[in-house]
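Chain G: place on chain C using the hints.
Those protein sequence lines, which keep their order, are chains C and G. In case it helps, the numbering used here puts the first sequence at residues 367 to 747. In case it helps, the numbering used here puts the second sequence at residues 367 to 747.
These are calculated hints, taken from the structure and not from any lab test. Incorrect hints may appear among the rest.
Since copy identity is lost for identical chains, a pair holds within one copy or between any two.
[Claimed, not checked] Derived BS3-like pairs (lysine-lysine); straight-line CA-CA distance at most 30 Å:
1) K493 to K446
2) K658 to K694
3) K446 to K658
4) K605 to K493
5) K694 to K605
6) K605 to K658
7) K446 to K605
8) K446 to K694
9) K694 to K493
10) K658 to K493
There are 2 protein chains.
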Amino acid sequence: MSGCTTPGYAYRLLATDGHARAGVLTTPHGEVPTPTFMPVGTQGSVKTLVPAEVAATGARVVLGNTYHLWLRPGPEIIAKAGGLHRFSRWPHAMLTDSGGFQAFSLSDRRTTSEDGFTFRSHLDGSKRVLTPEVAMQVQGQIGADIAMQLDICPPGESPRAVLEDACRVTTRWAHRCLAAKREDQAVFGIVQGGTDPSLRAAHADELGELPFDGLALGGFSVGEPIPRMHETLGLVVHKLDASRPRYLMGVGTPLDLVVGIGAGVDMFDCVMPTRNARNGQAITRTGRVVIKQARYREDFGPLDPTCACPTCTGGYSRAYLRHLFIAKEILVLRLFTEHNLHVYGTLVRDAREAILAGRYAEFTREFLSAQEERPKGVPSA
Amino acid sequence: MSGCTTPGYAYRLLATDGHARAGVLTTPHGEVPTPTFMPVGTQGSVKTLVPAEVAATGARVVLGNTYHLWLRPGPEIIAKAGGLHRFSRWPHAMLTDSGGFQAFSLSDRRTTSEDGFTFRSHLDGSKRVLTPEVAMQVQGQIGADIAMQLDICPPGESPRAVLEDACRVTTRWAHRCLAAKREDQAVFGIVQGGTDPSLRAAHADELGELPFDGLALGGFSVGEPIPRMHETLGLVVHKLDASRPRYLMGVGTPLDLVVGIGAGVDMFDCVMPTRNARNGQAITRTGRVVIKQARYREDFGPLDPTCACPTCTGGYSRAYLRHLFIAKEILVLRLFTEHNLHVYGTLVRDAREAILAGRYAEFTREFLSAQEERPKGVPSA
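Bound-form chain C, shown alone (with noise of 0.2 Å):
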């Protein structure tokens, strides 16, 4: 069974274990398995490690920003490299965002029309004009593997008319990123309609009869409970068309992933793991570890005991990590983006099997009884 369009492009369906999915995605680039989280490379580099090592966490699809890149070092350079992929190279599967939602949160004096966004670049000033089809263009150009459409993205809590003229806007843009798209690129379509559980379902059956190989859920974790979006989660994502895969954009936590999976998501992608890294926080299945707490200090055991990857395994204290981090040591950031995106990697493999051995309501128990501090609002089982 497979729902994507696009020539060398399949979603297979393995499993279902209630909502939640077990498959595999095929692209140019590798088959991938569902559900799986992709690591954000904004600017063309999952910031601190080089390709092996994201790909050595389990990661099979990267995320590019192509605001970002369409901005610096511009599309032309990218396509004259042979595409992001040779230009980065990253060997597996690579998804680029329409950069419409960069372009609404990061730039100077946007303005937002029938046509797209006209704004000015956050780094010189220069006015730059996104419509459906120079997303479609600049994605082409960048050349990864699945292109998104470009999309309005509401504030969390929007009101209704607001969330429904959203809806409007992207289908109509949907319709026209099709019409421009790269014969041989996938593009996935993407589904507003903040918090209503109505309107999500009427805009997914909207963009499910339009050829995208995928659907994502846009408009998720942008300034809504999260326990809301939980909820809204658990009601619409089996909704969408279960023959192609299922995006959850731009989230999430650990427990957003359990909620996510369990809902019937596929993918996932979000900065917390490396930007949280950066920041001297260690994400663990169980809780999180700030490492400049004094606590630390001459605590000589491993960052997380229960961890494989190679910061966990390889000999460095909490202490040395500690001391690396106030030191403002970079080597720190990078131990901590391989550990934090391991622990992502680690956990969507681990849903996966339990999703295959038809334990899936099992895992999501004993996650939940593990947490250190117990999640708020999480919807009951």
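Structure of chain G alone, referenced to chain C:
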């Protein structure tokens, strides 16, 4: 033949070629083929790299800075961790400086007396007293294989009276350091005397009488003209006791290494390869690549086609490295550091092979003729 006096240490001279020497320094953490270049791990980390990567550049000694480690994390923490080797996971030999140079140059409100240096920490303003005894105690706690005596290092081109005084005090401190040293830790004496060959020779003789495990040349590359340093090295190095390792402190460029080795130096350290890497400057055997330059914008060739390091053989193009540097991506600092240390490691390895083959003069000529910019003031062969 071994002039080392501490059990577990030995220097074995394998071959000479003119003044140039090839040898092996034995330490409790393994053998060090000399000449050798020692990367600087100021705060217990060769910035951006894990120990295995440092070792892969050929380095077999890493230098730690006593001043920095004394202030942070503090020698007690390092001692509790089992010493800096275990704390930082470096399995090969290690050397610490005395802290004097940094106390002299980095700290606030420093005063110098016969007893030592009194200064305030650049980190928290705390008052510290660095005497020869304290220097040996702190270095003993850090636990490197080789400690350095506390010395007075006057600026380049200081008046003769200042240089003479530095030699006198350094000799008195030499006696105190030897009396205070850990029995199982090697200590090197530091010859001063600026660019005055007669002062240098006299001080070398004076310190050569003491049971140091090696002799270092301090007070070079501290502001004097480089040709003058090269000239002085040619007149002075071969006068240092041939039975002990000779260490030229804080030097230098690839050219400095080639000249220094020709003069009889066995060991070098310098922040240049690691610091320049972080400034986007790749050092090559024939010159340098300043990666931010516009000419590399669409240069899809490797950083240094003659280099076998992971950066140069990993498929990263100059255009990609330039993009990473301009986008302030941490990865490039690491890729450049690895490259630069590899160039240094390869240079000393090739120099050693040339000495063993009796062709060091030819090696020097080849090195000089390959330089893209003609070095100024190279002493005639």
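- Against the earlier hints, flag every one the structure doesn't satisfy and list their numbers going up. Per hint list: 4, 5, 6 and 7 violated.
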